[in-house]
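Peer 1: This is what each chain is made of:
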Amino acid sequence: MSLLQLDNLSVTFGQFKAVDNISYKVEEGEVLGIVGESGSGKSVSSLSIMGLIDFPGKIEADTLSFDGQNLLSMPEKQRRKLTGSEIAMIFQDPMTSLNPCFTVGYQIIEALKTHQGGSKKELTKRAIELLMQVGIPAPETRLAAYPHQLSGGMSQRVMIAIAIACNPRLLIADEPTTALDVTIQAQIIDLLIELQRKKKMGLVLITHDLALVAEVAHRVIVMYAGQIVESGPAAEVFSTPQHPYTQALLKSLPESSVGQSRLDALSGVVPGVYDRPMGCLLSPRCPYATDHCRSVEPSTQGTLERQVKCHTPLDYEGRPTA
Amino acid sequence: MFQFILRRLSLVIPTFFGITLLTFTLIHMIPGDPIEVMAGERGVSAERHAMLSAELGFDQPLYIQYFRYVGGVLQGDLGNSLVTRTPVLDEFLALFPATVELSICAALFAIFIGLPAGIIAAVKRGTIFDHSVMTVSLTGYSMPIFWWALLLMLIFSVNLGWTPVSGRIDVVYWIDNTTGFMLIDTWLSDEEGAFTSAVSHLILPSIVLGTIPMAVIARMTRSSMLEVLSEDYIRTARSKGIAPWRVIVIHALRNALIPVITVIGLQVGILLSGAILTETVFAWPGIGKWLIESIGRRDYPVVQGGILIVATIIIVVNLLVDIMYGVINPRIRHSH
Amino acid sequence: MSTKQMTVAEETMVAPVPRTPLQEFWHYFKSNKGAVAGLVFIVFICFLALFADFVAPHSPSVQARDALLLPPAWLDGGSWHYFLGTDDVGRDILSRLIHGARLSIAVGIVSVTFSLFLGILLGLTAGYCKGIIDTTIMRIIDIMLAMPSLLLAIAIVAILGPSIINAALAISIVSLPHYVRLTRAATMTEMSRDYVTSSRVIGASPLRLMFICILPNCLAPLIVQATLGFSTAILDMAALGFLGLGAQPPTPEWGSMLADALQFVQRAWWVVTFPGVMILITVLAFNLMGDGLRDALDPKLKQ
Ligand SMILES: Nc1ncnc2c1ncn2[C@@H]1O[C@H](COP(=O)(O)OP(=O)(O)O)[C@@H](O)[C@H]1O
Ligand code: SF4
Ligand SMILES: [Mg+2]
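Residue numbers (numbering that gives the first Met the number 0), protein chains in the order written: chain A, 0 to 321; chain B, 0 to 335; chain C, 0 to 302.
If you are wondering where the hints come from, they were derived from the structure by calculation, not from laboratory data. Values in this document were obtained by computation on a predicted structure and should not be read as measured data. C-beta atoms are modelled at their ideal positions from N, C-alpha and C, and glycine is treated no differently. Certain hints may be false.
[Claimed, not checked] Quick list of the computed label-pair ranges, beta carbon to beta carbon:
(1) C:Thr135 with B:Val315: 23 to 33 Å
(2) B:Leu20 with C:Leu49: 37 to 47 Å
(3) B:Glu191 with C:Gln262: 25 to 35 Å
(4) B:Pro13 with C:Thr188: 21 to 31 Å
(5) A:Val272 with C:Thr135: 45 to 55 Å
(6) C:Leu49 with B:Lys123: 14 to 24 Å
Using the sequences and the hints given, assemble the complete structure.
Peer 2: The following block contains the structure:
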């Protein structure tokens, strides 16, 4: 049984499909990388796992289960018991993700108290331990600090402490380093990976950084305009991408563009509400697009282990199959 | 925190002197000779004019007159009423509790209705409830309260006979003036039914006076809540799996209240000027009615002193609001 | 990073049809039902005000001795001759209301124009000159803001003597601070813009700068404030009239009509009800329109 399993999950805002029939699963202790441009539905799909999509957003799925429990059919109250304890999430901008009116200690202890309870003394002790675990110096004094007194990196560490407070089995990190200084980014990722290994959590790591995914993720999902265009074991996807979009992403990496023009990368942007094309959503930007692509949407080929959504997946040499 | 208070205080003092300058100038802008104006129709003889002029300092240069005036004000000397001959400050102090009592009840009414209405409207935005709150509050905000007072009086006092028409208490009671607050005094007194009578006299004026602040608070709370509810930290709070009411009451409200507190503080001005109208309609013996009657009687020292005190009260309350703002907003408390 | 090249192209969100700013404004404004209702009522009131002499069935001051405190037409004892009834000296309430509209709108126009004009002048001066002039103006404005506007207006009228002109003057003075603050803030932002600096380098005269370059850029908030200013003016005017500090009898002013009616509250509800309804609806209309204008003019709120 997988830790997290989604089958044909869609999230719609009015007419607009922000997430379009995606399926994937996460195993215990596995790191899953999700990459894709801004607006491709990465955040919305993970928020729907947390149950944080509000009206008017609508979630539909054949399966959305955590550890075999159906998240969509369970009562609200029971689901809240899972969110924040079994499944936890950290967000993109740590500076705005902590409540400015409460101390760091309060916000950590609140997570502990909600799911585990305990005396004030115990909770404080646990909070200090957590701050220590996420590498915050002098944790006793930091408990009384307010968020505006912390740097971005420190705030993200506090966010991580809150997320791991109840020993979650699945941690979703939505672009956890995008808003941070480059020097801090590596530290935060190292911390996340270290915690993931130590606690054997499943980790969904959403990021723009392909190199990072290649380095730490077991499996990877590439999203485009709300759809999964390719997924599979990280090593395989990166060595032999089967989807033109993945290929383009990889080509745009600095290290792969030695000698060749970086303009190989796709031009254009992810289609929005008004400019969704017919057929394959990538067709306006895809170098291999045919008339068939422009009129008929490709189906997802392969198993959940290795999906690709293209009429003519690329072969080992990176050329479209006929 | 102490520094914060000091800094605010240093901003308030020039404003206070500005207001003394204003009230001083106003009186000197009255067309005609101040002594003749004060003497009214009876007129004064030339000797008496000169004597009064010297006594009141009108023969001095203006700036000396101003310094004398401020000096007097700082010692609590606001002059004497031309009509009753009693010190303005004493008259004010005798009437002030009535206005405070009315204003507090009105403020409580405004807060207890406006705040929850605004919160629920924000949480249930787009629903019928939300639209009704917005409609009612815009109407309340546009309300000519002197007419609102008459209308309520017409319905509830005249037609239904549920509440008394005017005053603070039925004439059959004789209540010792211990605190000046009728609710407390009647509570302390052993006159049967006096407390109920005081309460029933307070209901309509409080609703009338509280209407505009209620509308403002409801609107402000709603928009502030809406803004806060879309913040990232609300998402964080929800991602912890805490109960929805806790997200709203603990996480959202605390932040949303910061601007609302300021708005509530600003309502003190609205309350005091509204009190002028409300007290006039309900014959409520407070400073609003006193000021208007003094204007009618051309009792200038009372007008001058009354305006100065009211303005001072408003700046002091605004100062307190500012300080409270610092207490609930850690970002301000810690900034140096 | 890696995805940079793919996101360089400019936003190609295809909005349904491109519009001119005016069409854009009208599109947002007309989607706000309250604002449109407000506008319609304001147009109606302005019509009444302009043509009061023709629209009103009676003269506002003629006293019909045989028809004192007549109830509205639809009630027992009412007469269709006096649709909304008559007051204690037999004047037609409907006619007085219509003529009162003229007065209220006139006072609104006069006081808004006056405070708008003076406010812009002071605001531009403060923002443009900075330094001691700015500080002086702003301190005075702060002091005025420390006083509730009605109290200040009462104080001014108490000194100048009660009359409709003095009341209008008082109302314009007390609404001054908002305009000054708005204009000053806008001026300060505009002053730091490059085009202003360059026009200064070229040697554009300060007056030209202020009125040609800077003023058009702060029009939107001023328009909103002026609309809301109308509602405050009408409300304050009525309050002053009610307190006997504004229009003097027998002027058909809504507030003073209420004050005159005070002693008949118990006997003749219509004398009290209708003037108040007029004040309420008119003020509400201006507030609705002001809100609608703000939403339509504020680009931040547009999706
Ligand atoms: N509450 C919402 N209402 C309407 N559209 C939304 C909402 N949230 C997200 N979207 C849309 O969904 C799409 C996917 O967004 P998101 O998941 O945030 O992308 P990303 O991959 O950058 O995280 C975007 O086009 C965004 O505009
Ligand atoms: S289906 Fe066609 S357009 Fe779409 S990615 Fe494959 S080749 Fe490109
Ligand atoms: Mg995102």
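Peer 1: Each hint: holds or not?
Peer 2: Right, here's what the structure says about each hint:
1. C:Thr135 with B:Val315: 23 to 33 Å: holds, 24 Å
2. B:Leu20 with C:Leu49: 37 to 47 Å: holds, 43 Å
3. B:Glu191 with C:Gln262: 25 to 35 Å: Given a distance of about 33 Å, which is inside 25 to 35 Å, the answer is holds.
4. B:Pro13 with C:Thr188: 21 to 31 Å: holds, 26 Å
5. A:Val272 with C:Thr135: 45 to 55 Å: This hint holds: roughly 53 Å between Cβ atoms.
6. C:Leu49 with B:Lys123: 14 to 24 Å: Cβ of C:Leu49 to Cβ of B:Lys123: about 44 Å, so the range 14 to 24 Å is violated.
Of the numbered hints listed earlier, the single one contradicted by the structure is hint 6.
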